[in-house]
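Build out the structure end to end from the sequences listed, making use of the hints.
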Amino acid sequence: MLVLEDVEKRYGSLRALAGLSLAVGAGELLTVLGPSGSGKSTVLRVVAGLEQADAGRVLIGGRDVTRTAPAQRDVAMVFQSFALFAHLTVRENIGFGLAARRTPAAERERRVREAAEVLGLAWLLHRRPHALSGGERQRVALARALAGRPAVLLMDEPLSNLDAPLRERARAEIRRLHRETGATVVYVTHDQAEALSLGERVAVLDEGILRQVGEPDEVYERPSDSFVAGFVGSPPMNLLTARVDDGVLRGPGPITLALPANSGLVPHEDVLAGFRPEGARCPVAVDGARAGFSAQVDAVERAGHERLWYLAAGGHRFAVRPAPDARAAPGDTVGVAVDAAAVRLFEPASGRAR
Amino acid sequence: MKLRRPSEPVAARLMLAPYALGLMTLLVLPAAVTFALALTDYDLFSAPVFAGLDNFADMLDDPAFRAALPATLAFVALAVPLRVAGALALALLLHRSSRAASVQRSAVFLPTVVPDIAIALLWLFLVNPLYGPLPAVLGAVGLPVPDMLTTSAGALLLVVAMSAFAIGEGFVIALAVRRELPEELYELARVEGATPGFTFRRLTLPLMAPTLSLLAVRDVALSLQFAFVPALLVTGGGPDRATTFLPLLIYRNAFENGRYGYAAAITVVTFALTALIAATQLRLLRRGRLSV
Numbered sequence: 003m004l005v006l007e008d009v010e011k012r013y014g015s016l017r018a019l020a021g022l023s024l025a026v027g028a029g030e031l032l033t034v035l036g037p038s039g040s041g042k043s044t045v046l047r048v049v050a051g052l053e054q055a056d057a058g059r060v061l062i063g064g065r066d067v068t069r070t071a072p073a074q075r076d077v078a079m080v081f082q083s084f085a086l087f088a089h090l091t092v093r094e095n096i097g098f099g100l101a102a103r104r105t106p107a108a109e110r111e112r113r114v115r116e117a118a119e120v121l122g123l124a125w126l127l128h129r130r131p132h133a134l135s136g137g138e139r140q141r142v143a144l145a146r147a148l149a150g151r152p153a154v155l156l157m158d159e160p161l162s163n164l165d166a167p168l169r170e171r172a173r174a175e176i177r178r179l180h181r182e183t184g185a186t187v188v189y190v191t192h193d194q195a196e197a198l199s200l201g202e203r204v205a206v207l208d209e210g211i212l213r214q215v216g217e218p219d220e221v222y223e224r225p226s227d228s229f230v231a232g233f234v235g236s237p238p239m240n241l242l243t244a245r246v247d248d249g250v251l252r253g254p255g256p257i258t259l260a261l262p263a264n265s266g267l268v269p270h271e272d273v274l275a276g277f278r279p280e281g282a283r284c285p286v287a288v289d290g291a292r293a294g295f296s297a298q299v300d301a302v303e304r305a306g307h308e309r310l311w312y313l314a315a316g317g318h319r320f321a322v323r324p325a326p327d328a329r330a331a332p333g334d335t336v337g338v339a340v341d342a343a344a345v346r347l348f349e350p351a352s353g354r355a356r
Numbered sequence: 004m005k006l007r008r009p010s011e012p013v014a015a016r017l018m019l020a021p022y023a024l025g026l027m028t029l030l031v032l033p034a035a036v037t038f039a040l041a042l043t044d045y046d047l048f049s050a051p052v053f054a055g056l057d058n059f060a061d062m063l064d065d066p067a068f069r070a071a072l073p074a075t076l077a078f079v080a081l082a083v084p085l086r087v088a089g090a091l092a093l094a095l096l097l098h099r100s101s102r103a104a105s106v107q108r109s110a111v112f113l114p115t116v117v118p119d120i121a122i123a124l125l126w127l128f129l130v131n132p133l134y135g136p137l138p139a140v141l142g143a144v145g146l147p148v149p150d151m152l153t154t155s156a157g158a159l160l161l162v163v164a165m166s167a168f169a170i171g172e173g174f175v176i177a178l179a180v181r182r183e184l185p186e187e188l189y190e191l192a193r194v195e196g197a198t199p200g201f202t203f204r205r206l207t208l209p210l211m212a213p214t215l216s217l218l219a220v221r222d223v224a225l226s227l228q229f230a231f232v233p234a235l236l237v238t239g240g241g242p243d244r245a246t247t248f249l250p251l252l253i254y255r256n257a258f259e260n261g262r263y264g265y266a267a268a269i270t271v272v273t274f275a276l277t278a279l280i281a282a283t284q285l286r287l288l289r290r291g292r293l294s295v
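The listed protein sequences derive, respectively, from chains V and G. Just so we're aligned, residue 3 is where the first sequence starts under the numbering used here, counting upward by one. Just so we're aligned, residue 4 is where the second sequence starts under the numbering used here, counting upward by one.
In short, the hints are calculated from the structure, not lab data. Since the model is a prediction, treat every value here as computed from it, not as a measurement. Errors might be hidden in some of the hints.
[Claimed, not checked] Covered stretches of chain V (chain G as the covering partner; in silico rule of three or more C-beta atoms under 8 Å from a C-beta of chain G):
hint: 1; region: 81-92
hint: 2; region: 95-109
hint: 3; region: 184-191
[What the hints assert, rightly or not] The following residues of chain V were derived to be distant from chain G, with all beta-carbon distances above 12 Å:
hint: 4; residue: 14
hint: 5; residue: 150
hint: 6; residue: 280
Ideal placement from N, C-alpha and C gives every residue a C-beta, glycine not left out.
Following this line, the structure appears as structure tokens:
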């Protein structure tokens, strides 16, 4: 449905997008994840036509729209600020695009009602935005985007102006909306939890370069490089330099990780090793275990049933999710073991997964 | 030793005092004196003599006043919409940041800071029927040369045209307000297929309307203030009193005819008239806002 081919975008000397290629299937919900300045909003703006690509092509439904005006691209956009018109009612806001395109009044009213009903706004049609709650405003922005029945729906951090509990509900709302309308959605966010939970696929962007595209589990479990590993997950993957020695990976100080089979590493080779906090077993008895080591508890974090220990060993700090009934206090010494299945290996220079 | 801080109301009063003093001596006091003088005969040489409402009654029979009143209203009716529309149009043309636009913005503001007298003399030269460049250019390309200085309508339009160039303040305000409008609204309009005309009608105009209304209300007084110098120096209030606006009439009665009491009375009428127009505008605007 939407294809980007080697898209380049420069702002002066800054390369916002460096040869980006990406394909979004019809009816797919793709989340684009990246830190601020990664070029993720630029992707949306280039697709919408608000910015022109300096090189490469943008295709929507097989049609080359690289040089087409925004209005002729058959896209709709939902902005972070919602971009509602304060002087217009909800009805007029939702129908803005239809009115701009001179849709006959009867047809316009029908589609405004339809979009409003899908989003549960039918009883608010006469209100102005200032008389709405944050969540309602957000739904008006969504309804406006849907009313035009665009080929591609572009969302630029649409939930970051909502407070946490509302965000959860709005996320479910967008998921439902996508399921019911079958719209093709490109959803930009800097929030990795949002990207993983919402996207059918996730595209991770950094400095204008596409680092990885894949299903959320794949991106989480098998990051394609150390950037993705260090960005996705809360807290992200623990990364440390290690050296193959005697059939195990030796990190700084006492840190020892199991060496995955068929790693292709030769003895004494340096490698960037990573493991997720839940990939470590802790606490364990380390006596005699080949890939186990002792670490000192640096901090203990609790959030309801979620618990996280920050441990220190060999001057390196890393996070683990302890066994459910384990207790520890800062200063305690605990045993940690990381099994081969939990270890991910990256090239030390390029950061690429091996 | 510890300095005692004056309590807040005292501090506030102290800090406001210079402004309050200026306001009293430069504005409130003269206004009060004007209101008092309006009820007297006063020629600056002998003491004022109480005359009751005679001055106001005189106005009704004064052909100069009876000409000045419609001339003033005509000027305000033409100049105010033109000036506000001009400020808006230029603000919309020049709000983007670019080197060219910043030079052009200075150009728009420039006539406002050039002394009125200089502008008046410049225009007098520009429209001079014998050697002025404007008639010369118009004549050279075969266009009719309007009689700017010799017909009533021409002179009125000339002062209106001059006033349309001194719109720097309104321009700056319109510019600032346009720049405050979120860019995302315009991006959304582009994506949704809104034409420039639709965007202007549906977006820019309604969002800027409150500011433009205030500019229009303020401009009733401001445009009259501006018109004084051109009316005095370029058209001399004529021909046939066509540009003898109330401020010029006040000036002539006071400083040329020595009728200070009568001039004060016209001032009071001018003040009342300006207040009335502004109040009417505000009422219309308030009613209009409900139906937007």
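Quick rundown of the hints versus the structure:
no.	hint	in the structure
1	81-92	holds (count 7)
2	95-109	holds (count 5)
3	184-191	violated (count 0)
4	14	holds (14 Å)
5	150	violated (7 Å)
6	280	holds (40 Å)
Of the numbered hints given earlier, the model fails hints 3, 5; all others are met.
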